[in-house]
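Taken in sequence, the protein lines are chains A and B. The first sequence begins at 1 in this note's numbering and counts up one residue at a time. The second sequence begins at 1001 in this note's numbering and counts up one residue at a time.
No wet-lab data here; the hints were simulated from the structure. Keep in mind the model is a prediction, meaning the values are calculated, not measured. Be aware that one or more of the hints could be misleading.
[Unchecked claim] Cut-off 20 Å, straight-line C-alpha distance, at most; resulting in silico cross-link-like pairs (SDA-like, lysine to any residue):
#1 Lys310/A to Thr1085/B
#2 Lys311/A to Gly1089/B
#3 Lys310/A to Leu1088/B
#4 Lys1102/B to Arg1080/B
[To be verified] Have a look at the derived ranges for each label pair, beta carbon to beta carbon:
#5 Pro1091/B to Gly292/A: 37 to 47 Å
#6 Arg1080/B to Lys9/A: 51 to 61 Å
#7 Asp1261/B to Leu90/A: 16 to 26 Å
#8 Ile1234/B to Asp93/A: 19 to 29 Å
Where a beta carbon is used, it is the ideal one built from N, C-alpha and C, also for glycine.
So the chains spell out like this:
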Amino acid sequence: MKQVLDFEKPVIELRGKIEELKKLTQESEMDLSEEIETLEQRLEKLEEDVYDRLTPWNRVQMARHPERPTTLDYIHSIFTDFMELHGDRLYGDDEAIVAGIAKYKNQPVTVIGHQRGKDTKENLRRNFGMPHPEGYRKALRLMKQADKFNRPIVCFIDTKGAYPGKAAEERGQSEAIARNLMEMAGLTVPVVCIVIGEGGSGGALALGVGDHIHMLENSTYSVISPEGAAALLWKDSNLAQNAAETMKITSYDLKELGIVDKVIPEIRGGAHRDIKGQAKKIDQVLQESLEGLKSLSKEELLETRWEKYKKIGDYTTLPL
Amino acid sequence: MLRDIFNKKRKYASLPNQEGKQDVPEGLMQKCPGCNKIYYRKELERNLNVCPHCDYHHQQNAYERLESLLEKDSFEEWDRYMVSTNPLGFPEYEEKLEKDRKKSGLNEAVITGKGKIRGYETAIAVMDARFRMGSMGAVVGEKIANAIEQARKEKIPFIIFTASGGARMQEGVISLMQMTKTSVAIQRLHAEGGLMISVMTHPTTGGVSASFASLGDFNFAEPGALIGFAGRRIIEQTIREKLPEDFQTAEFLLKHGQLDDVVHRHDLKNKLETILSIHQPGGELS
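Take these sequences, add in the hints, and give me the full structure.
In structure tokens form, the structure reads like this:
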């Protein structure tokens, strides 16, 4: 049984009714094809109404859908010969981040991403996709390796944030994130980042200093969760839905703010309805990105990366 | 996350403009949160805002910091009138900025420029927690990135004093991206052999701690400063246990290998001078 989000209930109910009628037609002598056809037209219309007009909060719900495809789902659909590599060589292996080498259309790449679980057991193992410093340091180790062997890096971003824990602070969560930001800035290979679910604050950013940043249509990228923002700004976490709008966290918002390069359209009803189909859409954008970046020299790559980030954020001058 | 840091009662935490009862006349006298002794503000100021009895480090504002470090009249300020455009159209944000401008006399939460520390010309950025808790939005990010770039171009060292609750909520994901902007600037500085010194003062948390504050060739902190990524209350709620009293203090970070040293404010200028002299082309003042 697929998990149903509150706003899509009418669609699911109608779809169920149609199934029922179809079954009834098969089992009995009654001819209900006309009724079914009418209902299917209505379903089509209803799906449009619901899914083509998602509110920011609906998109947050989509991004958090328990069945939403994860980094590993996409890795297995988009790349070949993926080999996972473990450990930061300093402390341990953080399973909230997966990383390894692979081939993309026969070209070598390094792939790195946050990894959530799809059930409780896997989520415990993966710490709900919330990394510790060793996760970021593993990612950095393998980015440096990619730099050495001159292969592009693809990062999938999907985390609520870096883990807020005692051990994480003791081992330098801040330093690990900061170092990744700085070191990624200096990589002389193309880096393409794709936000596939939640892009939560510094914990997302630490894999996010790309030459191109793309977002799945129903993913989010924000400085704080809508619940956190509501609690902080209005002292009421129940106002999360408002915060989701005010904070401008959807793919379309980020495109408008000039932070994101492309919004990758989603399968109607969400990426989880068709992982292969969604992977294909990602694949197209990724291919274009890597093709475009291939022509840049190392110097041009560094310079355009700096220009990309330097221009984010408007300011003005006080009248004297 | 941000507010957590400021609301809890901690041995080392104190902020100016705290509301609540004051048993000493405001302005003239000051009660030390470290040892509860009461003394004249003037006496405190003469001592670089360090308690003469218990060494508690009161916050220094940006002007006090610059005055205490730089040679007289050597400071040239950059981007002084740069202000926010309220990029998300966030409700009541402009009023809040205006209020803080009036209250602090600052236009934003950081002052940048260049000046001389005992003869050594250096680019310097000083954050001030009185302005929006020192939080980083587009203007703070831009000013800091500009100062780093200027240091790179002029081939002078870059020194930053951090005091910040982290990213500025009212500028959302744009403030998040300032972490990247400043870090890319620092990468360019380091790539050309530029020197950067970071001095973390109370408080340095969230997105500031997780970007430029941690990226110096030398990372120092003032005694008792609160430094960390996540807020204490968030961590306590997540791991469901009480955290030790010294958690996320400068001393805690030093113990866990996260800092080069904790430096008493009275020793700071000497230490900076030593580092600057060691990093001069000839090893001494040229």
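Results of checking the hints against the structure:
1. Lys310/A to Thr1085/B: Holds: Lys310/A and Thr1085/B sit about 16 Å apart, inside 20 Å.
2. Lys311/A to Gly1089/B: Given that 20 Å is the threshold and the Cα spacing comes to 19 Å, the pair holds.
3. Lys310/A to Leu1088/B: 18 Å, holds
4. Lys1102/B to Arg1080/B: Judged against 20 Å, a Cα distance of about 15 Å means the pair holds.
5. Pro1091/B to Gly292/A: 37 to 47 Å: For Gly292/A against Pro1091/B, whose Cβ atoms are near 39 Å apart, the range 37 to 47 Å holds.
6. Arg1080/B to Lys9/A: 51 to 61 Å: 56 Å, holds
7. Asp1261/B to Leu90/A: 16 to 26 Å: 22 Å, holds
8. Ile1234/B to Asp93/A: 19 to 29 Å: At roughly 25 Å between Cβ atoms, Asp93/A and Ile1234/B fall inside 19 to 29 Å, so the hint holds.
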